[in-house]
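Same order as they appear, the protein sequences are chains E and Y. Heads up: the first sequence begins at 51 in the numbering used here, then just goes up one per residue. Heads up: the second sequence begins at 428 in the numbering used here, then just goes up one per residue.
Check each hint, because a few of them may be wrong.
Result set (SDA-like, lysine to any residue): computed pairs, CA atoms no more than 20 Å apart in a straight line [stated by the list, open to error]: (1) E/LYS89 to E/TYR113; (2) E/LYS187 to E/ARG243; (3) Y/LYS583 to E/ASN311; (4) E/LYS294 to E/LYS173; (5) Y/LYS685 to Y/LYS583; (6) E/LYS294 to Y/SER631; (7) E/LYS173 to Y/PRO608; (8) E/LYS183 to E/PHE163; (9) E/LYS187 to E/SER176.
Hints are computed from structural coordinates only; laboratory data are not their basis. Note that the structure is a prediction, hence the values are computed from the model and not measured.
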Amino acid sequence: MESSNRIAHIGVLEHVLHHHLTHAFQGLLPPAVNVEKLKRVLDTHCRIGAWAIDLALAHPEVYVTGLDSNAQLIELARQNAEAAHSSRVRFYEDIASKQLRFSEDTFDLVHTFLPFPPPLPSKEWSPFLLQCKTYLKREGYINLVSLSARLSSSTAHQRLLMLIEQIQHGPGYPIAHRVETASPGVHFCRLLRAANFEDITYLIRPVNFGGWDNPSGRACCQLFLNDMKRRKHLFLEYDLVSSKEFDVLVAQFQRDLASSNFCATGALISAIAIKR
Amino acid sequence: MKIRLGKDMKQSQESNSSAMLSSLADGTQESAGDSNTIARLFHQQMLRYQGGRLYPERIPVHTMERVLDLCCNTGEWIFDLARHHAQLHICGIDGCEEVLQLARARRNMYSLRQIELRQANPMQPLPIPDEYVDFVHIRRGLEVTIYPQMWPGMIKESVRVLRPGGWLVLVELELCEISGPACMALREVCLQTSARLGRTMDESGMTEGVAHRLYGMLLQARLDEVNYDLHIIDLGFMGGEADHTFLGQLVRHAYLIKPLVVQLGLLAATEFDEIVVQANCELQAPDLCGWGMIVSLYGRKSQNSQP
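Chain E on its own, in the form it takes in the complex (with noise of 0.2 Å):
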């Protein structure tokens, strides 16, 4: 009971995430998409599916395959697909997209969305692209979108994004040899490239988290903090802080989320390219 309760509230959430993300993208997809040319769409991390549902709500030509690693969170898209009486949705566990195949040219889009951190190692980024563009039919459109969350007024917040990020790049990485920012949202463009992808363009939104009358913003922040939780295993693991300091640091984001005070905020980066 406990676990099927926590589920439904993972659902809760990631529903205000998406609308909330949605919004300050001004839409589903950048402009430089044309829809029109869109019958079949890859989603490779749709978790509970809310934009490959919303995606082909918003356009009945449009058929979805969404894949995720989740199990519990493709259960959940399952069920808002038939609560959404959308038939042209399909979800499949799916882990590292490598179980699943796909045949060569298969879709008009592969929409990739990393909401949380941490992204792909950067060692599977490249086959992770190469095996997009494998599906992708000639034309064809991959969008790459990525959260960037780093600027808060909860110093305990900031802590928190710190040791992500020190997570992402390994302990005691010093400045100089930093090869790599935190967000994989500023390289897209660079992975296109080397990829071979063409016509590559991308857009850049803000994202507001903070703020007295912003409920879903704070929503999303809750996600980003119960995350957190669920990932302390990796903080510990990396011996970045000790359990007593990250429980202190949860404890005083919870707070800090609670205060008329936060004020946070980020961006959404979206690259889009061509296969030719």
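The hints should help you fit chain Y onto chain E, whose structure is shown.
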């Protein structure tokens, strides 16, 4: 990010490191022409990313009489405001006489009698009566508020000179992420240096941390209708001149504080120089991508407030 320090402010500095920063600033003053060009470019880019808005849409400037621009620098914002609102009397205050002289020359050239320019320390009580102006504007106050704890005083003083119902607007920016590792390293070393001097509000050293904390300060100053607008600064290859304006400033600022960076042991001098060379190369990369955030915060003085 040019550092401008008035004499009074220098006296208030306590640490040796801060004193060193002051002397560095004095020793590397840009020429008047450079200051003008940099300020103009900066203003144009800020305006571009704010959708051409000089102030948040919520502010009813057409109904106002008096505006105060605190930390006005060479007056770029003032001249644009005067161009759109001939009815306004606009007072610009800055601690730096050199930049004010540039602004005065421009005002006199165009006979703009609606503009008044005064030298005063923005950290001290302002030479303006209580409840005198309709709108106080402060952009990049971070450049003069040497220590974060000075912000509440500056906000309090701004609220004092505001008429009941008048508006206070604070505009700050954060450069956040850049795909070039050397640009990112320079940004981080600048932040770390500022953090060591106690000039940032973000203890993690990831950001300056000022823009987002000002929101709480405006609420604590008992202003009404406190809110903020967000605008992205595009630092990538699609951002046009922005990468060179904002990232160029980052490189200039880094040069300014290089001795301090070395003294603090953050980087060796040669290491620093290599990063700067690499950062300049990265600005030419065809897939350069990055972003910053402009936060435009505002609040209204209560109609019922007591002087």
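Hint-by-hint comparison with the structure:
Of the supplied pair hints, the one linking E/LYS89 and E/TYR113 holds, its CA atoms being roughly 6 Å apart against a limit of 20 Å. Pair hint E/LYS187 plus E/ARG243 holds up; C-alpha atoms about 18 Å apart against a cutoff of 20 Å. The straight-line distance between the Cα atoms of Y/LYS583 and E/ASN311 is roughly 17 Å, inside the 20 Å bound, and the hint therefore holds. With a CA separation close to 33 Å, the supplied pair E/LYS294 and E/LYS173 exceeds the 20 Å bound.
Distance restraint check for Y/LYS685 and Y/LYS583: the Cα-Cα separation of roughly 35 Å exceeds the 20 Å cut-off, and the hinted pair is therefore not satisfied. A distance of roughly 18 Å separates the Cα atoms of E/LYS294 and Y/SER631; the hinted pair therefore holds under the 20 Å criterion. For a cut-off of 20 Å, the pair hint linking E/LYS173 to Y/PRO608 stands: about 17 Å separates their Cα positions. Proposed proximity of E/LYS183 and E/PHE163 is supported: the alpha carbons are some 16 Å apart, at most 20 Å.
Our distance criterion of 20 Å between C-alpha atoms is met by E/LYS187 and E/SER176, whose separation comes to about 19 Å.
The structure does not agree with the numbered hints 4, 5 stated previously, though it agrees with the rest.
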